[in-house]
Amino acid sequence: MVLKLVVWSILAFLLMPLVIIVLFSFHASPSLSFPFAGFSLRWYAEVLGNAQLGSALLKSLTVAGFTALITLVLGAAASLAWLRLGHRGRALLEVLCLTPIALPGLFVGVSLLVLFAQARVQLSTVTIVISHVVLALPILIVAMRARLALFDRSLEEASRDLGASQMQTFGKVTLPLIAPTLIASAILAFAVSFDEFVVTSFVAGTETTLPMYIWSMMRRTVTPLINAISTLALVFSVAILFIAWLIGHLRRRSAVAGRTVS
Amino acid sequence: MRMGGLLAAPAVLYMVVFFVVPSLILFVYSFWTAASYRIVPDFVFSNYLNSLMSPLFWKVTINAILIGLVTASITLVLAVPVGYYLVYVSRSQVILYLILITWFSSYLVRIYAWRTLLGTSGVLNTILIQAGIVDTPVGVFLFSRFAVAITLIHIYLPFCILLVVSSLSEIKKDLVDAARDLGASPLGAFFRVIAPNAANGLVGAFMLTFVMVAGDYVTPQMLGGSSGQTTGLLIADQFRKTGNWPLGAAQAFLMFLVSIAIYFAVMGLGRATGLVVKRRPIGKAGG
Amino acid sequence: MTRKAGDEASSSLFTSAISRRAALTGMAGLGAGAFLLRLSSLPAQAAAGGELQVMAWEGYDLTSELADWRKTNGVTVETTSIANQDDVQAKFVAGNPPPIDLAEYNQAYADLYIREMKIVTPIDVSKVPNYTSDNLFSQFYDQPTWFADGQHWGSPYIWGFNTILFNADKLAKPASYADLLDPSLKGKIAIMDDTVSSWPVAARVAGLGEKYPLLTKDELGKAFAEFSKYRDQARVIALNQGELVNLMVSGEVVAALCADPSIITQTDQQNMKIEMAMPKEGPVLWVDAWFIPISADNIEAAHAFINQSLDPAVQAKVAMAVVQAPVSKKAVALLDEKSRSRIDYNAIDSIFAAGLPGIPPRASDTHATYDDWIAAWQEFKAGM
Chain A
1 MVLKLVVWSI LAFLLMPLVI IVLFSFHASP SLSFPFAGFS LRWYAEVLGN AQLGSALLKS
61 LTVAGFTALI TLVLGAAASL AWLRLGHRGR ALLEVLCLTP IALPGLFVGV SLLVLFAQAR
121 VQLSTVTIVI SHVVLALPIL IVAMRARLAL FDRSLEEASR DLGASQMQTF GKVTLPLIAP
181 TLIASAILAF AVSFDEFVVT SFVAGTETTL PMYIWSMMRR TVTPLINAIS TLALVFSVAI
241 LFIAWLIGHL RRRSAVAGRT VS
Chain B
263 MRMGGLLAAP AVLYMVVFFV VPSLILFVYS FWTAASYRIV PDFVFSNYLN SLMSPLFWKV
323 TINAILIGLV TASITLVLAV PVGYYLVYVS RSQVILYLIL ITWFSSYLVR IYAWRTLLGT
383 SGVLNTILIQ AGIVDTPVGV FLFSRFAVAI TLIHIYLPFC ILLVVSSLSE IKKDLVDAAR
443 DLGASPLGAF FRVIAPNAAN GLVGAFMLTF VMVAGDYVTP QMLGGSSGQT TGLLIADQFR
503 KTGNWPLGAA QAFLMFLVSI AIYFAVMGLG RATGLVVKRR PIGKAGG
Chain C
550 MTRKAGDEAS SSLFTSAISR RAALTGMAGL GAGAFLLRLS SLPAQAAAGG ELQVMAWEGY
610 DLTSELADWR KTNGVTVETT SIANQDDVQA KFVAGNPPPI DLAEYNQAYA DLYIREMKIV
670 TPIDVSKVPN YTSDNLFSQF YDQPTWFADG QHWGSPYIWG FNTILFNADK LAKPASYADL
730 LDPSLKGKIA IMDDTVSSWP VAARVAGLGE KYPLLTKDEL GKAFAEFSKY RDQARVIALN
790 QGELVNLMVS GEVVAALCAD PSIITQTDQQ NMKIEMAMPK EGPVLWVDAW FIPISADNIE
850 AAHAFINQSL DPAVQAKVAM AVVQAPVSKK AVALLDEKSR SRIDYNAIDS IFAAGLPGIP
910 PRASDTHATY DDWIAAWQEF KAGM
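Protein chains in written order, with this note's numbering: chain A, 1 to 262; chain B, 263 to 549; chain C, 550 to 933.
Excised from the complex, chain A in its bound form (with noise of 0.2 Å):
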């Protein structure tokens, strides 16, 4: 008892900011301090009215659908490849992929931002996606790891045994066994990078994130607009979450239907 009610003190502490910067994008006045002004919808109506941040927007949704589709591809291939792998194998992955971990983003930043000036490359879009790439792969890895280290390697070769080729397993076995896992995976790193302002900030050149916006729009003036951006992307997430978790409810249903037919 005494360690449940801890446990939603911690969480009452970590939702009460979200709480403040839900309410306060309702706020009449511009400010964003008590006492409070009043309720409206007018910085909302700002949002819909804004080109440069719906053009922000779509720059950071389209940077984070390309790192999320890339560290996909990359990671599930790296996760795959860490169940076959004997043990040197697995010590250089994770050195390689996790590493960055362990190091502050300020460091990957400006890393890749000497590459990229070495190598005359001009930051752009591509330059972000790269290195929210560095970013989200090996936390990507991280994650599959965990979930596939209960991974069960002999229904592959179970699948290989009754002459299935290498192809119709993957298709077959180990896609559907692991696709919750990708899809959860996907997810935070479409995250990671859709919040990522730190080593953005290094690489972006020109080119304006809708975090990069949030603080460029900050060095002018603070008003609510920014709780209204912020309470959107959250509700947005939500949205996200719940079908993650509806997808992962609906596949254990499915799942223990299906054992219990056979």
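Taking lysine-lysine and the DSBU-like style, the derived pairs with C-alpha atoms no more than 30 Å apart in a straight line are: (1) K503/B / K778/C; (2) K887/C / K822/C; (3) K766/C / K667/C; (4) K829/C / K719/C; (5) K878/C / K866/C; (6) K667/C / K503/B; (7) K59/A / K620/C; (8) K829/C / K760/C; (9) K771/C / K722/C; (10) K878/C / K829/C; (11) K503/B / K760/C; (12) K676/C / K879/C; (13) K771/C / K760/C; (14) K829/C / K887/C; (15) K778/C / K719/C; (16) K735/C / K722/C; (17) K766/C / K503/B; (18) K434/B / K4/A; (19) K735/C / K719/C; (20) K766/C / K829/C; (21) K321/B / K735/C; (22) K719/C / K822/C; (23) K887/C / K722/C; (24) K829/C / K735/C; (25) K667/C / K760/C; (26) K719/C / K887/C; (27) K620/C / K676/C; (28) K778/C / K321/B; (29) K778/C / K722/C; (30) K676/C / K866/C; (31) K735/C / K778/C; (32) K878/C / K676/C; (33) K503/B / K771/C; (34) K435/B / K4/A; (35) K620/C / K879/C; (36) K321/B / K771/C; (37) K879/C / K866/C; (38) K59/A / K503/B; (39) K321/B / K766/C.
Bear in mind the hints are in silico, worked out from the structure with no lab data behind them.
Fit chains B and C to the known structure of chain A by using the hints.
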């Protein structure tokens, strides 16, 4: 085996090109010089020596380490009960998703939310005044180490919880149940059974949180006042304002070395107190 | 080494573009007929379109002021906003400068950009018909900062000053920077994290204002010893204007040492009455100009944009929008009453009599260098 190598190749190649090579270039840069926003290839140690002899560098580095140690410790202390609850008491999806949601709200906007909470006319001060605990608003809530620590805890706690969950998941529930059956309280079960077995994982969670927090310069800059100057900010400024990339590169590597030194210090402390043991944890399947 | 080659390559590219244009105009000038004349002006017309990359302070990129012009000429403008002048040169440190066609810069940085970093492409004023002694105040027209060695390096755009801002409900109008050291204001003032406007004040409060930006290392130490009293008095060193607005409105601070009065439009909207005060040590004047970086790839449109920015109507509009002053004489008549009365434009000579502050030298045996100042500033911010 060959298949494994083939599948790993793209990711390995990617990380070599976009992580290993850039780090090496950055290392080379740290021996170059800069003048008037021009970078000149060179081979000098002055970037390292000047940084090490600069009182400013040490001041902001000690500041970053202090912020990192305090914040990471509190974050871990808060993450453990939540992790314990999620792993052994209730695999509540609701709690997990609530934690993830906080992670998905904008970092920059959250900093301003904490300003609203901690400001002179903020929520915390209003409550304290209403409750009659203080007469005048408390100024030090904002632009202080306190403000930096509480905000960083908020930002990195979800991450730390996930790390704790994954390290606790490796300890079989049977062990905990056995301890509980023998009459141990949850706290007792944690210290006798889980802590020794999960020590390596928990130290890992602490270190990762420490590195992220100590390297974060945006929150300290916006909420720390004069205590908000950290090594990260100094490095970022070399790249974005003063144009002295080689000096920034050297300071980045110094910061990296300091992190490694702290890792060994924490591990050494853990071993000395018997919390961290070299043997493989029992509950964990080998490999 | 390689940088230099790159610079030469881009500058020779530029000169070849110039000579081609000059040749075409020359032919037209010879009276080769209307046909040739049209031919020569056609490329220029066509090139005025396309995408223009502009780097400017938030609100200074003429987004709304030039909406019609962009539409008519088929120009799309992409803006990168800056929060301090250092954001501009920082982009040109490496070998891969972004393809920025036009950037805003404070005149104090002229020497650094033009002579030391060599990142400036001269402007062809024949393509900027609005750049005339008739239109511009004499303080800006062909003045050495922007016009040197027979080249127009920059085109003056807008000017203003930073000064004391204060909450009129909470304190009496300060008459000197030193008034903000009053014990009753402890923990209630803000200093801006802006070197261009803060450094001259640091020198002035130590009685060294006349010498700035040429202070010896000893004098630099003295200036910051004095200035640190202000830091100890300050609640916070504000990162940017947005933060200052937030701090003023939430009541965290009641005065700013030396800030941009244009934030008053923001604080007004949030029902907080902020006023400006002119200290006896004087406000810090600034003039911003446009320059075309060496990495520009749409030079025609950049010239056309500069020309538009000097149009009196545009000058008046942007000056009112950002609460600053136009460089165009003709624009003054187009300002509304409030904006016109803010500055005594008839006395512009006396405003600029003391000259404009520069920045400390990059290298010097006798004086504290730019790097010395940066180091002092970083220590100042860290409370040392």
